[in-house]
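Visitor: Sequence:
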Amino acid sequence: MRFEIMRLDEVDGTPVDSTVVDAASVNRIVQQAASIGQRLWIRPAETTAS
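For the sequence shown, the numbering used here assigns the number 291 to the initial residue and increments by one for each residue that follows.
Do not take every clue at face value.
Simulated restraints on C-beta separations [unchecked claim]:
id	residue 1	residue 2	range
1	T337	V301	27 to 35 Å
2	E300	T337	26 to 34 Å
3	A324	V301	18 to 26 Å
4	R318	L298	12 to 20 Å
5	G327	E294	20 to 28 Å
Calculated directly from the structure, the hints in this document are not laboratory data.
On a predicted model such as this, the values are computed, not experimentally measured, just so you know.
Built from N, CA and C at the ideal position, the CB exists for glycine as well.
Generate the whole structure from the sequences, applying the supplied hints.
Guide: Listed below in structure tokens is the structure:
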């Protein structure tokens with residue numbers, strides 16, 4: 291499964307940038323964000339039907 295992770299603005303919480311990663315990478319990114327107090331929004335990435 292893939293997830294979209296959006297970094298949120300410190301002031302108003304609007305998304306600043308986003309990246310799509312696999313499930314194995316989510317924990318690492320969350321740990322990094324937590325260590326510097328960064329706010330994230332994580333949601334399942336949209337998938338295209340084949």
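Visitor: Now, for every hint given, state plainly whether the structure supports it.
Guide: Results of checking the hints against the structure:
Judged by the Cβ atoms, the range 27 to 35 Å given for T337 and V301 holds: they are separated by roughly 32 Å. Between E300 and T337 the beta carbon distance is about 31 Å. The supplied range of 26 to 34 Å therefore holds. Between A324 and V301 the CB atoms are about 19 Å apart, so this pair conforms to the stated range of 18 to 26 Å. The hinted window of 12 to 20 Å between R318 and L298 holds, with their beta carbons roughly 18 Å apart.
Between G327 and E294 the beta carbons are some 21 Å apart, a value that agrees with the proposed interval 20 to 28 Å.
This entry satisfies every hint, going by the numbered hints stated previously.
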